[in-house]
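K.L.:
Okay, here's what each chain looks like letter by letter:
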Amino acid sequence: MADRFAATLRTAREVGVGVLGAHAADVDQSSRFPRESIDALRAAGLLGIVVPTDRGGGSASLTEVAAVCRELGRHCGSSAMVFAMHQIQVACLVRHGAGVDHFEATMRRIAERGSLFASATTEATTGGDIGRSTCAVVPDGHGGFSLTKDASVISYGADVDDVLVTARAHPDAPPTDQVIVHTTRPTLELRPTESTWDAFGMRGTQSVGFQLHATGSMSQVIPEPYADVLARTMVPWAHLTWGSLWLGIAEDAVDRSRRYVRQLARKSPGVTPPSARKLAEVYAELLAVRAIIDKTLELYESTKADPVSARSFTTSLAMNSVKVYVSTRTRAIAESCLQLCGLGAYRNDSEISLTRHVRDLFSAPMMIHNDRLIDWGATTLCAMKDL
Amino acid sequence: MARVDEIRSIVAEYGRLGVDVGQVADEDSLYSAGMTSHASVNVMLALEDHFDVEFPERLLHRSTFESILNLDQALAELLDQ
Ligand SMILES: Cc1cc2nc3c(=O)[nH]c(=O)nc-3n(C[C@H](O)[C@H](O)[C@H](O)COP(=O)(O)OP(=O)(O)OC[C@H]3O[C@@H](n4cnc5c(N)ncnc54)[C@H](O)[C@@H]3O)c2cc1C
Chain U
1 MADRFAATLR
11 TAREVGVGVL
21 GAHAADVDQS
31 SRFPRESIDA
41 LRAAGLLGIV
51 VPTDRGGGSA
61 SLTEVAAVCR
71 ELGRHCGSSA
81 MVFAMHQIQV
91 ACLVRHGAGV
101 DHFEATMRRI
111 AERGSLFASA
121 TTEATTGGDI
131 GRSTCAVVPD
141 GHGGFSLTKD
151 ASVISYGADV
161 DDVLVTARAH
171 PDAPPTDQVI
181 VHTTRPTLEL
191 RPTESTWDAF
201 GMRGTQSVGF
211 QLHATGSMSQ
221 VIPEPYADVL
231 ARTMVPWAHL
241 TWGSLWLGIA
251 EDAVDRSRRY
261 VRQLARKSPG
271 VTPPSARKLA
281 EVYAELLAVR
291 AIIDKTLELY
301 ESTKADPVSA
311 RSFTTSLAMN
321 SVKVYVSTRT
331 RAIAESCLQL
341 CGLGAYRNDS
351 EISLTRHVRD
361 LFSAPMMIHN
371 DRLIDWGATT
381 LCAMKDL
Chain P
1 MARVDEIRSI
11 VAEYGRLGVD
21 VGQVADEDSL
31 YSAGMTSHAS
41 VNVMLALEDH
51 FDVEFPERLL
61 HRSTFESILN
71 LDQALAELLD
81 Q
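Those protein sequences? They're chains U and P, same order as listed. Residues in the first sequence are numbered from 1 upward in steps of one, following my numbering. Residues in the second sequence are numbered from 1 upward in steps of one, following my numbering.
Keep in mind that the hints were calculated from the coordinates and are not lab data. Just so you know, nobody snuck in bad clues.
Covered stretches of chain P, going by a simulated chain U footprint (3 or more residues, C-beta under 8 Å): (1) 15-21; (2) 31-45; (3) 52-62.
Yeah, the Cβ is synthetic: ideal placement off N, Cα and C, and Gly gets one too.
Sequences and hints are given; from them, build the entire structure.
P.N.:
This is the structure we're talking about:
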């Protein structure tokens, strides 16, 4: 187990240095899908690591996937985000679809071909509120369904094979009675509703809107209630894979700052450069982010098998708090690094440029808006009897 | 007022159901009727205030708030003590 994981991490580092890092600046400048990176991750077998070994995958745990995300984040934030979003979907399918023929076959396909998965939760009518849907699964009366969603954001939608979509369970269901539907080509059609994605950061994710239309068999609906999938898998996997890749981006920013400070120190031995003091402060913050991620991963691994504790207030609050904390702290770390390195980091075209790092990390607080999570945490804290 | 009716009026006020509470039977799922987990916390706070009880940590999970019947059973236990 440990050997297999060490090998996976080594592969991630090789692909990260050799491919992601080599194209990161161009992906960012041209605002394009990181095709070379995703192809390389697929070729290295990394897209299928979450699929159980007896279905051809690597049975990777969240802790292992998070470590890969962190490594990839050091080289290209957008590619790492695509990788993370894919693995979150695969984890939902593996943990909540196992035993159903359709999902068993899909798992084998992911392991074999490295099919790329995307997510369509955000809807034009409900925005970032993932707890409500407007679109509905419409049964055709013969075991099939059709589904149409005005999906205002589906990252890399133009390049995917499969999309997990949230929708109301049936046409009469209230907005909160949701299910997750697995939609796949060729009965999945994605018509872009916008032609360009020209954003501040995470420019490689190509997060544009689509009109999604899909048909299929009712067996493509994940059988467990959405609320369970959300609390037990989607939220912890999203917050901890994202958090880990944000940590990777921040680590690279700190590492670039370290190189800068070291150059200064070598020029004047005996005199510690003032920016080295700032680096020491930033380093402590980085350690705090690492610690909270590691602790929350431990909490997840120790509660994941038990539906009750995985869904307790304490666990849910931890999963949301880690996202709020890491998204704001990593951004602050990158900004501090930018200040301490000065003009060299401010330029787009220098060895120690940090503009991409800072811009990418600005998306962190709004990917599932922190305001929503804090609002939820505030209510929950009022209800808790014990911390 | 019978206890279930008191529960019903609190669910009506704070449960943010997608339908009228009158259409929901005691054993029906409140979540399927549109209550979010966020709203269920507010229902709990209102019940605590109204019945002057505290829902202990062990009752703070989804199934306690699943239906009016489950809430009634939880309250029966809490008021008994
Ligand atoms: C790079 C990137 C990639 C993405 N990829 C995908 C994807 O592949 N699939 C997908 O479905 N979605 C995707 N999203 C969307 C994402 O998950 C969120 O839905 C989206 O970022 C939220 O956008 P918003 O801030 O406009 O919306 P909202 O969350 O609706 O928030 C709008 C405003 O309302 C305020 N607000 C909302 N709720 C509260 C509250 N309770 N208390 C206080 N203030 C509140 C917020 O401050 C915010 O300013 C992506 C987003 C980004 C940035």
